Amino acid sequence: MRIVDILLAILVTLGILAYILDVLALRWGLSTTYIAKSYPNYLKAAWISLYVTTIAYFIGMGIGFVLGWARSVQTLPLARVMAARRREAVAAADGGSPGAGLFLGTVFVYSIKYYVRRTADAYVAIIRGTPLFVQIVFVWSAVIVFYPRLDPLFQGLLSGVIALTANTGGYQSEIFRAGIQTVHSGQVEAARAIGLSRWGAMRYIVLPQAVRLVIPPLTNEYIGLLKASSLLAVVGSVPELTTFGRSEAFQTFHIFEAFALVVGIYLLITFPVSKVVEWIERRYRVPGLGIQAPRTARV
Amino acid sequence: MAVGTILFILVLQTVLRFNILDPVLWALYFPSFLDGIVLTLRYLGIILPLSAVIGFTVGWARIAPFRTLSWPLSVFVDFFRGVPPIIVVIFAAVLGPSLLPARFRSQDIGIIIAALTLAMHSGAYQSEIFRAGFMSVPRGQLEAAQSLGMTRGAAMRYVVLPQALRLSIPPLANEFAVVVKDTSLLAIVGGFELFGSSFIFEQQILFSPGNQLSWIFVVWTAVALVYFVMTFAVTELLNAIDRRYHVKGLEAVTV
Amino acid sequence: MIRVEELQKRFGALHVLKGVNLEVQKGEVLVIIGPSGSGKSTLLRCINLLIEPDSGRVFLDGTQVNRRDIRPEWVRQQVGMVFQSFNLFAHLTALQNVTLGPVRVLGTDAAAAEAQGRKLLDRVGLADKADAYPAQLSGGQQQRVAIARALAMNPKAMLFDEPTSALDPEYIREVLDVMAALARDGMTMIVVTHEMGFASTAAKRILFMDAGRIIEEGSPEEIFHRPKQERTRMFVGKILR
Chain A
1 MRIVDILLAI
11 LVTLGILAYI
21 LDVLALRWGL
31 STTYIAKSYP
41 NYLKAAWISL
51 YVTTIAYFIG
61 MGIGFVLGWA
71 RSVQTLPLAR
81 VMAARRREAV
91 AAADGGSPGA
101 GLFLGTVFVY
111 SIKYYVRRTA
121 DAYVAIIRGT
131 PLFVQIVFVW
141 SAVIVFYPRL
151 DPLFQGLLSG
161 VIALTANTGG
171 YQSEIFRAGI
181 QTVHSGQVEA
191 ARAIGLSRWG
201 AMRYIVLPQA
211 VRLVIPPLTN
221 EYIGLLKASS
231 LLAVVGSVPE
241 LTTFGRSEAF
251 QTFHIFEAFA
261 LVVGIYLLIT
271 FPVSKVVEWI
281 ERRYRVPGLG
291 IQAPRTARV
Chain B
1 MAVGTILFIL
11 VLQTVLRFNI
21 LDPVLWALYF
31 PSFLDGIVLT
41 LRYLGIILPL
51 SAVIGFTVGW
61 ARIAPFRTLS
71 WPLSVFVDFF
81 RGVPPIIVVI
91 FAAVLGPSLL
101 PARFRSQDIG
111 IIIAALTLAM
121 HSGAYQSEIF
131 RAGFMSVPRG
141 QLEAAQSLGM
151 TRGAAMRYVV
161 LPQALRLSIP
171 PLANEFAVVV
181 KDTSLLAIVG
191 GFELFGSSFI
201 FEQQILFSPG
211 NQLSWIFVVW
221 TAVALVYFVM
231 TFAVTELLNA
241 IDRRYHVKGL
251 EAVTV
Chain C
1 MIRVEELQKR
11 FGALHVLKGV
21 NLEVQKGEVL
31 VIIGPSGSGK
41 STLLRCINLL
51 IEPDSGRVFL
61 DGTQVNRRDI
71 RPEWVRQQVG
81 MVFQSFNLFA
91 HLTALQNVTL
101 GPVRVLGTDA
111 AAAEAQGRKL
121 LDRVGLADKA
131 DAYPAQLSGG
141 QQQRVAIARA
151 LAMNPKAMLF
161 DEPTSALDPE
171 YIREVLDVMA
181 ALARDGMTMI
191 VVTHEMGFAS
201 TAAKRILFMD
211 AGRIIEEGSP
221 EEIFHRPKQE
231 RTRMFVGKIL
241 R
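Heads up: the protein sequence lines correspond to chains A, B and C, in order.
Residues 1 to 299 in our numbering are what the first sequence spells out, letter by letter.
Residues 1 to 255 in our numbering are what the second sequence spells out, letter by letter.
Residues 1 to 241 in our numbering are what the third sequence spells out, letter by letter.
Everything labelled a hint here was simulated from the structure, so no lab data went into it.
One or more of the hints may lead you astray.
[Unchecked claim] SDA-like mimics (lysine to any residue), calculated; alpha carbons at most 25 Å apart, straight line:
| no. | chain 1 | residue 1 | chain 2 | residue 2 |
| --- | --- | --- | --- | --- |
| 1 | A | K275 | B | W60 |
| 2 | A | K275 | B | S74 |
| 3 | A | K113 | B | L12 |
| 4 | C | K129 | C | Y171 |
| 5 | C | K129 | B | H246 |
| 6 | A | K113 | B | S74 |
| 7 | C | K238 | C | G218 |
| 8 | C | K18 | C | R45 |
| 9 | A | K275 | A | W47 |
| 10 | C | K156 | B | G140 |
| 11 | A | K113 | B | L238 |
| 12 | A | K44 | A | L213 |
| 13 | A | K275 | A | K37 |
| 14 | A | K275 | B | G140 |
| 15 | A | K37 | A | Q251 |
| 16 | A | K44 | B | R81 |
| 17 | A | K275 | B | A64 |
| 18 | A | K275 | B | T5 |
Remember, predicted model here, so these are calculated numbers, not experimental data.
Let the hints inform the model, and build the full structure from the sequences given.
Next comes the structure, spelled out in structure tokens:
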């Protein structure tokens, strides 16, 4: 029964795919000569996509890590902190020791932490709440206005990298935050109980585990960013894969071939990587320990 | 949060040197702005429900024990998850109309087809959410329902589904927010939703002399604000639904 | 009332049931004991057809029920089951859990189902918890609701799959009391359990099962104090401290 099911499944899947491709190829023409001739150009364009993605990804990782850290630290609202410190200061005044200076100093530090945290929150909220298109165009406008004499390609490239970096930075901060917080709770307590300092606990207990936790979602984020880089097509001057495919399609009228090549190359890169990540996640899954699904850059 | 937003806009204004409340600009821009918002909402009215239906159906079908059903659908899902939506949108808009009988072909139809493709794209992601929801319901629930004499169908309907849906709502809220942002992609094929009409307006500013370039920032800040409000509204709506139907003890297992 | 002949079941390479025979009379309480992995749960699930045996026959009231032309749903209406992990429907209140079966399967009218449900909850001592959700109930309370839920279908017999194994010690008593009361009222029961106290008092016969086969069968007195088989003796020795 099982064998029949599998065979039938393969048959149906391949059948539907073959039928669709056949209809499409028939309707729009499939010129294999064009494909054979142009695919190196598409690969070069893909290379540019990867190039842009990778730069943005790693700079964004720096931003994301710092932001994720900032956002995973517990900071109390300013009012509560002040009330607590006020109580302490009153008690201290009775005993007659540290004065206003120290009190104000701690309040100051706490309020700095609080506002830093809130700014980080705002940054991530904006990134997640607005379309990537808008982010790209916003940066692009700024670049055009402030550096109008730059070569359009460079303008596009600069805006693209900045926008993508900011975008992935926001999403990666979520990943890092989740990773740190998942490990955080009881383990830090236990670490301090055996005598480690807060920093020591972070370094020897939290971070090693957090690193292992964040690798799958970070890999997914890279793939997500690669797909997001396709939105640079709105700028038009950066010859990454989608922009190139689009201009090829409209110039040579080999629309379906262009589509097939672009889609094929994206799938070639993303499909194996996501399957490998899925497999890793499944294999090394610890029940109860993990980061919930989509935190990746998507438009 | 509202305070923070206003503060942030004020900071941005000072740094980039623009005035968000410039009346001259708004007199010119407001029609495009409003039309864009309305059109975005209309697109959402089609895409959101459609994507949910697709997502639910495909998600359900994929947990069925018949590989004949689940394998082709897995290909569908993997395709839409592996390809950037913008490329599918572009080509759907260009190639789609030619699949229809001649009298229906027009650019408007192309945009509609692109919108439908966006629905499929989100549907693929939503099918994964629903599928995870179904799989999160413990197997014992189905067993217990069947031991009472319920058919598999009745058990799914009265026991598994109510729980699976409740579990799916939080990730769904996130996905709906993404759909709101995805509507901006329709601009590249000629849709005049919020992003599209604002982009065209911006091009007009850039290429007509005498207009202040700083107006560009006003436009994009306003646009960003509107999208922000829309995504917030969508997620809050779903969170409200979640709170209404929430049952204590029914929480998604973090895997 | 329930009879099983030469039941065989394989899961892939694992031969779980190797020709099991048993018989339960109406009103009788049968307890099955044995080490884990011996196939006890699988046996129970074959009786109410949650699992389809590879070969062998299952009889209910003299009629063979594991046949193509008999709907397993019909069989499951006649034989109720209580699970080790309770499996209460998490999105429904206790009362709704109890009334779901009668309303959706038997077609009972809602008001009648509710009245019966409240009576059953009262019978298991949880009348005041009718509107509580499972997450708000203790393990013992959940299991008692599960018993009420199964009883709501008016089954001819009840199967219990290690009903107290997942309970904290302080809740075991209350569930066993409900089960004992059920037995006194004449319910036909097959119980898989490790609770020897319950087995000695409530059961008429005990079956010892190991590695997919019934090794020995007898009264509680015989099994616990004068086991005939070596394996029985070893197992009983381990659990009777």
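Here is what the structure says about each hint:
1. A:K275 with B:W60: This hinted pair holds, its Cα atoms lying about 21 Å apart.
2. A:K275 with B:S74: Given pair A:K275, B:S74 holds - Cα atoms ~12 Å apart, limit 25 Å.
3. A:K113 with B:L12: holds (22 Å)
4. C:K129 with C:Y171: holds (16 Å)
5. C:K129 with B:H246: It holds: about 19 Å lies between the C-alpha atoms, which stays within 25 Å.
6. A:K113 with B:S74: violated (46 Å)
7. C:K238 with C:G218: holds (19 Å)
8. C:K18 with C:R45: holds (15 Å)
9. A:K275 with A:W47: holds (22 Å)
10. C:K156 with B:G140: holds (23 Å)
11. A:K113 with B:L238: The hint is violated at about 32 Å.
12. A:K44 with A:L213: It is violated: about 34 Å lies between the C-alpha atoms, which goes past 25 Å.
13. A:K275 with A:K37: Status violated; Cα separation ~31 Å.
14. A:K275 with B:G140: violated (30 Å)
15. A:K37 with A:Q251: holds (15 Å)
16. A:K44 with B:R81: holds (23 Å)
17. A:K275 with B:A64: Roughly 21 Å between the alpha carbons, so the hint for A:K275 and B:A64 holds.
18. A:K275 with B:T5: With a Cα-Cα distance of about 40 Å, the restraint between A:K275 and B:T5 is violated, given a limit of 25 Å.
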